[in-house]
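Engineer: Protein sequences appear in the order of chains A, F and G. If you're matching positions, the first sequence starts at 136 in this note's numbering and goes up one per residue. If you're matching positions, the second sequence starts at 144 in this note's numbering and goes up one per residue. If you're matching positions, the third sequence starts at 25 in this note's numbering and goes up one per residue.
Rather than coming from a laboratory, the hints here were simulated on the basis of the structure. Hints are not guaranteed to be accurate.
For lysine-lysine, the following DSSO-like pairs were computed, each having C-alpha atoms within a straight-line distance of at most 30 Å [as the list claims (entries may be wrong)]: (1) Lys242/F to Lys77/G; (2) Lys120/G to Lys77/G; (3) Lys635/A to Lys71/G; (4) Lys348/A to Lys120/G; (5) Lys604/A to Lys620/A; (6) Lys120/G to Lys508/A; (7) Lys175/G to Lys242/F; (8) Lys242/F to Lys44/G; (9) Lys755/A to Lys620/A; (10) Lys71/G to Lys668/A; (11) Lys348/A to Lys168/A; (12) Lys254/G to Lys348/A; (13) Lys233/F to Lys254/G.
Okay, the calculated beta carbon distance ranges per label pair [unchecked claim]: (14) Ala246/F to Ala617/A: 52 to 60 Å; (15) Ala43/G to Ala624/A: 22 to 30 Å; (16) Asp123/G to Gly686/A: 34 to 42 Å; (17) Arg41/G to Glu512/A: 44 to 52 Å; (18) Glu511/A to Ser176/G: 18 to 26 Å; (19) Thr248/F to Ala74/G: 45 to 53 Å; (20) Ala170/G to Gly526/A: 42 to 50 Å; (21) Ser226/F to Ala74/G: 33 to 41 Å; (22) Gln773/A to Lys53/G: 25 to 33 Å; (23) Ala170/G to Pro670/A: 57 to 65 Å; (24) Asp177/G to Gly316/A: 28 to 36 Å.
Facing chain G, according to a computed beta carbon distance under 7 Å, are these residues of chain A, among others [as the list claims (entries may be wrong)]: (25) Leu160; (26) Arg280; (27) Tyr589; (28) Phe689.
No residue lacks a Cβ here, since even glycine has one placed at the ideal position from N, Cα and C.
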Amino acid sequence: MELKSSAPSGPIETRWTRHRFAMKLVNPANRRKHKVIVVGSGLAGGAAAATLGEQGYQVLCFCYQDSPRRAHSIAAQGGINAAKNYQNDGDSVYRLFYDTVKGGDFRARESNVYRLAELSVSIIDQCVAQGVPFAREYGGLLDNRSFGGAQVSRTFYARGQTGQQLLLGAYQALARQIEAGTVKMFPRTEMLDLILVDGVARGIVTRDMVSGKIEAHTADVVVLATGGYGNAFFLSTNAKGCNTTATWRSHRRGALFANPCYTQIHPTCIPVSGDYQSKLTLMSESLRNDGRVWVPKNQKDCGKNPKDIPESDRDYYLERIYPSFGNLVPRDIASRRAKDMCDQGRGVGPEVGGVRRGVYLDFGDAIKRLGKKVVEERYGNLFEMYERITGEDPNVTPMRIYPAIHYTMGGLWVDYNLMSNVTGLFVGGEANFSDHGANRLGASALMQGLSDGYFVLPATVGNYLASNKFPAVSDSHPEVKAALKEVEARISGLLAIGGKRTPDSFHRELGQLLWDNCGMSRTDAGLKSALEKIPALREEFNRNLRISGSGEEFNQTLEKAGRVQDFFELGELMCRDALMREESCGGHFREEHQTEEGEAKRDDERFTFVAAWQWQGEGKPQALQKEGLDFEYVKPAQRSYK
Amino acid sequence: MQTAQKTLGVFDTTVGKKIALAVSGAIIFGFTIVHMLGNLQVYLGPEVFNHYADTLKTMPALVWAERIVVGSSVIVHVAMMISLYDRSLKARPVGYQVKRSVATTYASAAMKYTGPLLLLYIVYHIAHFTFPGISMGDYEHSPTDVYSNFVNGFSVPWVAVIYIFANAMLGMHLYHGATSMLQTLGLNHPQYNALRGRLATAVAMAVTLGNISFPVSVLFGIIQ
Amino acid sequence: MSDSMNLVLHVWRQRNREAKGAFERYEAKDISSHMSFLEMLDVVNEKLLADGKEPIAFDHDCREGICGMCGVVINGVAHGPQAATTTCQLHMRQFKNGDEIWIEPWRASAFPVIRDLVVDRSAFDRVIQAGGYISVRTGSAPEANATPVSKSDSDLAMDAAQCIGCGACVAACPNASASLFVSAKVGHLALMPQGEPERMDRVRKMVAQMDAEGFGHCSNHGECEAVCPKGISVNFIARMNRELVLAMAASRDPVAPRTKD
Ligand SMILES: Cc1cc2nc3c(=O)[nH]c(=O)nc-3n(C[C@H](O)[C@H](O)[C@H](O)COP(=O)(O)OP(=O)(O)OC[C@H]3O[C@@H](n4cnc5c(N)ncnc54)[C@H](O)[C@@H]3O)c2cc1C
Ligand code: HEM
Ligand code: HEM
Ligand code: SF4
Ligand code: F3S
Ligand code: FES
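Could you put the whole structure together from the sequences, leaning on the hints where they help?
Structural biologist: Below is the structure:
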């Protein structure tokens, strides 16, 4: 099977413009006749549903929360990038494009990335017009900050709640369309399967999470914007409900899953405090601008109160190993070094599973240098959040931080139109694999979600609707019925197991396996062992799962069980993908493949491709399909931060 | 689903009703201020006070205007309160097993009791002094000598007690009401809110203390 | 900081909207003071499930105080004893060994109970749908810096825009009033120049919908502000009233009183 990216050729600056002009348009009068399903109400889904509704299509929008306003985009703190060059510091669409391709470690599609950079500009206009209260300068113009080690200040932000404000903007646009009657919203409704008719995506099967009702919804086209799969690790910075069910079930229906092993670790999260831990909380990276990272030089000091550890016994390892970048080295490097320190037994904080997993982020010097007040102004709210969770005041005792899974670059494979290999199935936002390659730059996911949602999907979905015929599909259509049956069978199957272990206990164990073997750094041996353990665990899951209650009611245990079931299969594929990719790139670090300085070592000869996995049926390993990547504009180079 | 297109009127929304409540409350409040100041003249002796009462009688237009305004304000005030509280009871059919107030003051929580009590008081009070003018105790109510009605009335301990209690209620009602009404009317500015609160409360307390002073002074023979 | 504690919970259990509920008593043993309140409930639920009982249903998602999904009344206070903190961010060090904890759902006729501690807050969505937005067609927006906005206005707007729609204000208000939530959105959009054109209609439509949903009025008790995890100020309620007076005085086009849809 050959993967066509259908990305236009020719000068990259005009690709999107030319592509758009070539698209067919739907006559406004006919739009009402087309039904569009959008699964997800985050930045990507919410924006797409609102815009498609505004264009006059009949939109059905789904989310699992009680309101579209709660999608996990809400949690984004830092900001959103855009090539506005308001700071006149030499930024440009081309520079944002360049930085993103390089940041993605040369594993993304140039055309997509350029389009992203190009659209970033309109996103800011759109959001400001919606009333998003971005931070401003005293002159009343928009303020920017530099983020994630970028040399230019191109990040727009709204205090520490950028994602919240952008999502509320999209949510309000969506609300306007719901009021106008163009969008019908289905909250507390979970997509459990994709409906194909003659190989074309024509609907979804959902479960009403309040009544338990299983229903089929048919339409002319299906758009997935269901977010990332970071929760495969159980502990992540994602919301508890984030899941892969929508994407995974679509994968099982034929959609290719691309680069599942590309997961991003965030270095500054609050460490695990005990085995009851349910999620990890991220703290803005900006902390590393003034905080100094260290661990004790000697293991015996690890249990001590940091105050009692003299300077001479502290190892400021990032400053030691990377004199020029110091504490500001990129996310993946900072993360891996922290892991090394803890593996060497020099971690700090409570022992969890016999190991101390934490390093100090110390503001002592910053407070001496800048004064408590300045530090307060810069990080006050983060310090409060930290104290609320840990009960320790960073002004007194140094913060403890540890990396955590934060974002997933992998996702369903899509072409330049954001359509998967399954005709009629479009995928936007974190749910697809496009744009970020092997590593995402800070403040670029919000940008991608909104460019997909407001600008790309409305155009490409319209083109798809204009270019095809859509024979009516009734709920009694055999393929619809079959899909319904499968879902019902799956649910009753889960309920029937009647074993002893709770979904969470399985999820925790799976997560630990993935974290240990397919997390920050990966080895051939580790991945192979995980590939033996996961199926065994899944086998126990199918035998020994316990769920209370029934399917015909509000049942959170049942919801969890369904999600864990899909994480099992995805987790296995993540390991297979990581094992196949015998190189280190971006978020994927194979210990066998590193430079003598311990940096990621790419193998462009063998691995300059997108790994897209194709479902082969129950119990059979997926087949690998490759989309070659070529770089006409940004020439691959090895990065070095020494 | 929308009902027939008509512009939203004041009484169509809770906010509008609440504003009506505040405005009527403010008017009654205003009246009590003037009323209290007028009554202070009792300390200047029978001549002055009766003269004040008589002069009022010589300008029926003013008096009636005041009666109509204050009277209708009381009616609006009560009507709004009834309709708002009817709503708020329906708004929480099932209460909490444990409920702890974090910010509600005693006075604000008691509004719904102090209010009705004041209504009773007003009725009683008018019956006592104005129409029909019932002698509360063993003296003849004099249509002309308001001063002696005043003194005779308050010489009866239980009458005095009713007045003192009622005006204490008024004090409580206004302790929350005076600031609350400004907040309701949107008369607020973060910079002056604290000052605003203190002023409003001060006036409210002045009225209350002034009013309470009357029966007290009579009881202690300061006024005879 | 006692690290491990035993607690007695009284939790509201209710099968569904129609069923009548009751309090159940549970014992939570060996609870670490580092747990979050919801992690404590997780532990209780894992045990219930292991014992073949039905776990306690409660809403939650982000567990970092931003999505607004969580929220229960803990010992009579919405979101519990710690100020400016959502239920998910509340940690057990706020409690001590032997404490009895009463856990109840938000109580308001506009927030019917779905199950146990889970309520239906869709009334909030309908209030926003009534007008809590700025009508701008995608792609038709002017250059972002074309309209400067005074820093103080946009900062104040941001204070209001922080509302996470959790509903604690309604739960805490003696009148079950949604005034703080509604005024936060009215205030946010009224303060931005982009919101100006629809200003007069917006406040009337949103207030009308707020009433149609059956929320109570505001008596300026201030409970809402006190429990609001984002510390939204009651001054926005005053601003909303001001906006409404202005709108009723100034506006030509009719806005009908709405009925619950
Ligand atoms: C803590 C944190 C901080 C971050 N900070 C930043 C930042 O500063 N800058 C930045 O650019 N990026 C940041 N990110 C990344 C960014 O927030 C996300 O990648 C982005 O918001 C994803 O948006 P989305 O629309 O694709 O998915 P989401 O916002 O996750 O939305 C997913 C939607 O799909 C629905 N859904 C999911 N599964 C189903 C199902 N089975 N059935 C029905 N509906 C379903 C959900 O209800 C939800 O509405 C951060 C991420 C996290 C976790
Ligand atoms: C001496 C006469 C009265 C005065 C001066 C007065 C004044 C006020 C004022 C200023 C307010 C504040 C309005 C607001 O909160 O915006 C108020 C509120 C109130 N009044 Fe009165 N009032 C009087 C009589 C009454 C009566 C007779 C009743 C009821 C029968 C009543 C019931 C209430 C109630 C319940 C409130 C609180 C409304 C709320 O905010 O929930 N009042 N009053
Ligand atoms: C101790 C306190 C008070 C005293 C001594 C007092 C005294 C009087 C007197 C002497 C009159 C009759 C005047 C006349 O007939 O010429 C009167 C009338 C009246 N009082 Fe009071 N009053 C007091 C408090 C109040 C309060 C708190 C209210 C509540 C709003 C009130 C409302 C009225 C009204 C409405 C009238 C009728 C006015 C009229 O006839 O037009 N009074 N009062
Ligand atoms: S105003 Fe505060 S309490 Fe009310 S919904 Fe918003 S955040 Fe929650
Ligand atoms: S508590 Fe209720 S009365 Fe008003 S000030 Fe808050 S809404
Ligand atoms: S779970 Fe999101 S705010 Fe509490």
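Engineer: Run the structure past the numbered hints and jot down the numbers of the failing ones, going up.
Structural biologist: 4, 6, 7, 12, 21, 22, 25, 26
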